[in-house]
Amino acid sequence: MTQTSIGHIVRIAGPVVDVEFPPEQLPEIYYALEVDMGDGKLPLVLEVQQHLGNNTVRTVAMDSTDGLRRGTRVLNTGAPIKVPVGPASLGRVFNVLGRPIDEAGPVNADVYYPIHRPAPSFEEQVTQAQLFET
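For the sequence shown, the working numbering assigns the number 51 to the initial residue and increments by one for each residue that follows.
Where hints are given, some of them may not hold.
[Said to hold, decoys possible] Derived lysine to aspartate or glutamate pairs resembling EDC-like cross-links, with alpha carbons at most 20 Å apart:
1) 91 x 116
2) 132 x 78
3) 91 x 152
4) 91 x 70
5) 132 x 113
6) 132 x 86
Derived by calculation from the structure, the hints in this document are not laboratory data. Note that this is a predicted model, so its numbers are computed, not measured.
Take these sequences, add in the hints, and give me the full structure.
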């Protein structure tokens with residue numbers, strides 16, 4: 051079960067944004083936070099990078115922070131940034147948030163993986179030489 055909570059921006063320095071949350075509701079490292087940018091725009095996604103203490107996390111913005119202000123509400127999504135994987139993603143171009151940027155329409159993927167995940171084990175890797183066509 052994912053637990054969402056609401057925090058508020060306390061500091062902005064370029065792409066680095068510090069967000070304060072209520073006690074016992076800090077998001078985990080690598081979790082995605084969303085800021086409503088208004089005007090029908092997609093929410094700004096912040097990724098948690100560090101716990102600073104005093105119920106504050108340091109995040110990195112995945113887009114421009116222009117227009118952000120201290121005190122703005124921030125939603126903890128309760129999950130990391132995920133991207134589509136599998137046959138539906140083959141031949142497509144995505145940004146770091148897993149959003150298609152190739153103007154080929156939406157992606158109908160069944161599976162999404164976090165952008166931060168362990169490397170495959172040696173048993174899962176192919177050890178034979180293969181041609182890699184580009």
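> Which hints, by number, does the structure contradict?
Replying inline: 4
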